Each structure stands twice: as C-alpha cells, then as structure tokens.
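Student: Here is what each chain is made of, one letter per residue.
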Amino acid sequence: MRITQGTFSYLPDLTDDEITAQIQYAIDQNWAVAVEYTDDPHPRNVLWEMWGLPMFEISDASAGLHEVAACRAANPDHYIKVSAYDATLGRQTTALSFLVGRPAVEPGFRLDRQEMSDRRISYSLHPYATEQPRDLRSAANGHRGS
Amino acid sequence: MPGTMPVASGGIHAGQMPQLLDYLGEDVILQFGGGTIGHPMGIAAGATANRVAVEAMIKARNEGRDFVREGQDILVSAAKHCAELQAALDTWGDISFNYESTDTPDVMSTPTA
Amino acid sequence: MTTQDGAAPRGFAMPTPGPGRAAVTGPEASQARAVAVAPDAGACPPLPPEATLELAEDEQARLISRLLDELDSEFIGLVPVKERVREIGALLLVDRLRGRYGLASSRPSLHMCFTGSPGTGKTTLAARMGVLLRELGYLRKGQLVSVTRDDLVGQYVGHTAPKTKEVLKRAMGGVLLIDEAYYLYRPDNERDYGQESIEILLQFMEAHRDDLVVILAGYRSRMDVFFQSNPGMASRIGHHIDFPDFSLDELMRIAELMLEREEYMLEAAARDAFRQYIRLRMGQPRFANARSMRNAIDRLRLRQARRLVAAGDPVCRADLMRLSVSDVRGSRVFTDTLAAPPAALPG
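Protein chains in written order, with the numbering used here: chain A, 1 to 146; chain B, 147 to 259; chain C, 260 to 606.
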C-alpha cells in the first residue's frame, strides 16, 4: 500500500521538475531544506535518518535536487523525504515536508490488538517493513545490504 | 494572545478549494461535513477527495501558478488521477454561495415629522 | 463565489507571523520560479525554412546591447572580456532564433579562466559575469561565491569532500570564483588533499553545467602549469580570458571614474601631476593596476584632509572636493624615483 505521509502524498509521485519547484519555493521563503530517509514507515516514526545537515546556504533548488539524487543512489530502497523548516519567530516549525522516494515494494501495516484489563483493547500499528532486523532488511527485500 | 486560526465550515465542498484558500489562507481549519459524508463513494472517499483537492492547490501555488484563476483547471486535472475527486466535482461542482444575504436589515427608516 | 476581475493574484491571504518579508508569491516570484511543470500552453510550430527573422527588432538583441553598453561605461579597457561577453550574448540570440525554426541548440560550456596581474578587474568582473549571465538567461540566480584553496581543501582525511560540496551547493545557480586556483594542486606534498577537491570540482563542472559557472583566476604562467598537470580541468574550461595590464590613459580614466564616484575633483595642475605619478608608480614594484589607483586616491584624500585641517581656514563645498597639486606631489613616489629598479613581478 502506498503510504500517505506528508504533503502531496495523495497526489501521484512528484517528478524531478516538480520537486525542484517545491524546493525553490521553500528557498524563496527562507526555509531551511533538509533531506531525510528511513525504511520504517510507521506513522509515529518522526525521527528519520538525516542525509547531511539542513542546507541553510543554498540559493538554487538544483543543489537540493543534487542531494536528493545522492540520497536516492545511496539508499535505493528507503523512503526519502524533503522537509523545509521555517525558523521565523511565531512559527518555528516544519513548513513543508513531502516524500520524494519510496521503496519498490511497500508492504504496509498490520493492526495489532492487545487485550488490556477489563477486556479493553489497545491498538497499535506494526509495519511489515520492520519485521527483519535492520541489517537484514535490504537482504530480505532482495537487495544488497545497506 | 496567541494567534487564532480561521475555520471554514458549513456547506463547503472540494470544488470550492481555490476560493477557500484564497479567502482564508493556508493556516486554516477546513471542516467538510456534508462534503465528506455525502460523497457518493463513501465517507473515506469524501476525505480523500478533499485531501487531494487541497494538496493539488498548494502544489500549484508553490509552483507559482495563479491558483485563483486556474483553480478549476487545477482541480479538473487533479481529478484525472483521483476518481474520488472527480465524483465530488460531479456531485457538487456547480454549487456556489451566490445567494441573497440573510443579513440585510429589514427595517425601513422613515422620516418622522 | 466570484473573484474580482483584474485583481492581481494575491497568494494565500493570511500573513504569516514574524518579521515582515517581501512577497514571495505573485507574478514576480512565480516568474523567477518558472519551471516547465504546467502543461505547455501550445508551443509555436517551427517556422518554414525560407522565412526570415529580423535581428535588429528582437527584444533579446536590445537587451544584449544594453548590457554591453553598461559594461562599456562601467569598466575601462578589458577589451578581450567585452568581446567574449558580446559573443556569448550573440550566441544566446542566435540559439533563440534557431529554436524558432525548430533547430536544436546545446548550451555552450561557460566555465572560464581569468588570467592577469593583480588589480586588473578579475574578481569585479566575475561578480558582474554572474549578473550578466542571469540577465541573458544562462544562470538562474547569478550570485557570486568567491573562494580560495583553503575554502575547498580540508586538513584531514574525509574533510575535503564535504567542504568542497558545501561550497559548490552554495554556488549553484550562480558563479563560483576560485582565486589562485593553481594552489589546489601541490604535487610535492603527497599528504595534500587538493587533488580530491579538483576531482569533485571536475565532476560538478560536468554534471551541473546548466546550474553553475566556475571561474578560475590567477597569474597566467602558473595557470598554464596547472592546466598542463590537470588536462581534465583544462578541457572543461570553455573560455580563457586574459586581463591585460592597463595603459596609462586607462589608469587615468579609471582614477577619474573613482574620483567622480567619491565626489572629488583634481584641479588642472593636479591632473598633470597625477599623470606623472601614475607613470612613476607603474615602474615601481608591486604595482596593482586599478587597486593601486584606489590606494593612491585614498592617500590623496588623507593629504587633502591634513592640508585643510592644518590650514585651519573656513572651507566651502568646493574646497572639500578639490584635490590640489600639493596633495599629489606629497607622494613618496616622486622622491623615491631614484630608488633601485623594480624587482621582477611574478607571472
């Protein structure tokens, strides 16, 4: 299943030109653009791996796209997102965050039900992608180790 | 006092997305009630349609397009990839808010003496 | 709901909190961000082969001639540079005309090498080149990032690559000026990481030809040695431009321009004395062309100030602007003419 996390996740995958346009908009708004990746798509996984530091000093989106391409090449089977941070007082939050890369196969989630006291049920999501230990995940998906 | 967020609610639907974002900005709460549960393909489809509409508008705005003028075109081309949005536009496409205001005064001032 | 006709697109209406910012939505910003994302609104069919186009009426041609006129008036001399800019502008125009006929045109290599003595305008012109190329449409932003070897090369293993890449990312969309680029290559020191930086530069110069223009600057002879040992770098540089030393007349003209900008004026006798000063200074060691003119004018101002303050008389506006012959003659250059002949200048 195609995970729908982040902005534009309900639209068809963005082309490189569209990604460039979004990054350029973020740069024009003086937001700091950063690239992050992960192979754990759990919706509560908010801390992804950083691909380098946020790019505070770029003025052209081609530099951002260069980093996205480098991240894709180094992590071919991971979710990759671009996020832009707005540091102005009163906001100080991520202003834009969208996926720019997905693994070839997205197995999705399982809903786990756990019975607690008083026959109450607590629910949690289990992403199939994290079933293997981290070092074996790429091998399980048929690729060389990360 | 911290800022407040505008809220739009009451008879709004996905086809009005350009105007909603134009009048209220992007920091807004959009409450689609009937526009979600009244969707012919079901409630989840209604939510999908609204989400696709707002994402398409923001994407177009970021790219520099005039989303107010081209709003309908943006929605129609987004609906090509999303059957839910197409159904929403078909169902509610021509509903707008052009009606007589109920807020007009009904008191006629007549000069005395 | 209806929108007002003729209203300029406003972008999302709610202002974001925080210090006021210039509008980044709307027609100007969207033009700058223009990307071939929106569907093509109907490209014109190519012209038939026998149709003719009038160059003189082309708006691009007028833009190019305006840019060249600005270059002419603001920079004295620099004939090879102006010629090259004229050629690049003409190529851009011809490419566009070819496009009208449906002919393909690949983007030329714009990486450059500026060689010349200090003070001949290399850095100033590199900054101007960024703006020029942006106006001509070859670069998106046209900013100048000016670095030397130390900004690119690290001090330990693994330090160079991220350092160089950060600099290159900053420069994307504009011009990267590498001053004294030949210092990147130190063949005698095997622990030197300059070669790694060169390799990364070469990769970027090839892969991002559309996004970045690299300009190397330095002395002619050392640059030649550098290119001999780095043929990869030499082959990527499309334009080798030499910045000749300025002639006496050109230096005089440069000084006059500087004085105009600073709102000073030389009285008639002072002008002749200043001419003599330039001739003498040119023969002395470490002459730095336009920069020496800048320094000379600063010293003239110092002497004028000392003269006015020592005299203590009331002054008017003209007195504060005038540089007298004694201000010029006070220079050590006139008394040092009997000193040893100038040492050989490098390059």
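Rather than coming from a laboratory, the hints here were simulated on the basis of the structure. It should be emphasised that the depicted structure is a prediction, and the values quoted were computed from it without experimental measurement. Any given hint could turn out to be false.
Said to hold, decoys possible - The list that follows gives simulated cross-link-like pairs (lysine to aspartate or glutamate, EDC-like), each with its CA atoms no further than 20 Å apart:
(1) C:K400 <-> A:D17
(2) B:K226 <-> B:D249
(3) B:K226 <-> A:D13
(4) B:K226 <-> A:E36
What the hints assert, rightly or not - Simulated coverage check for chain B against chain A, where a stretch passes if three residues somewhere in it have a Cβ under 8 Å from a Cβ of chain A:
(5) 160-171
(6) 217-230
Even glycine gets a Cβ: it sits at the ideal position worked out from N, Cα and C.
Student: It remains to establish, for every hint, whether it holds in the given structure.
Tutor: How the hints compare with the structure:
1. C:K400 <-> A:D17: Holds. K400 (chain C) to D17 (chain A) sits at ~17 Å (cutoff 20 Å).
2. B:K226 <-> B:D249: 39 Å, violated
3. B:K226 <-> A:D13: OK: K226 (chain B) and D13 (chain A) at ~14 Å, within 20 Å.
4. B:K226 <-> A:E36: Violated, at roughly 30 Å.
5. 160-171: Per the Cβ count (0), the hint is violated.
6. 217-230: Coverage by chain A holds for the region 217-230 of chain B (3 residues, Cβ < 8 Å).
When held up to the earlier numbered hints, the structure conflicts with 2, 4, 5 and fits the remainder.
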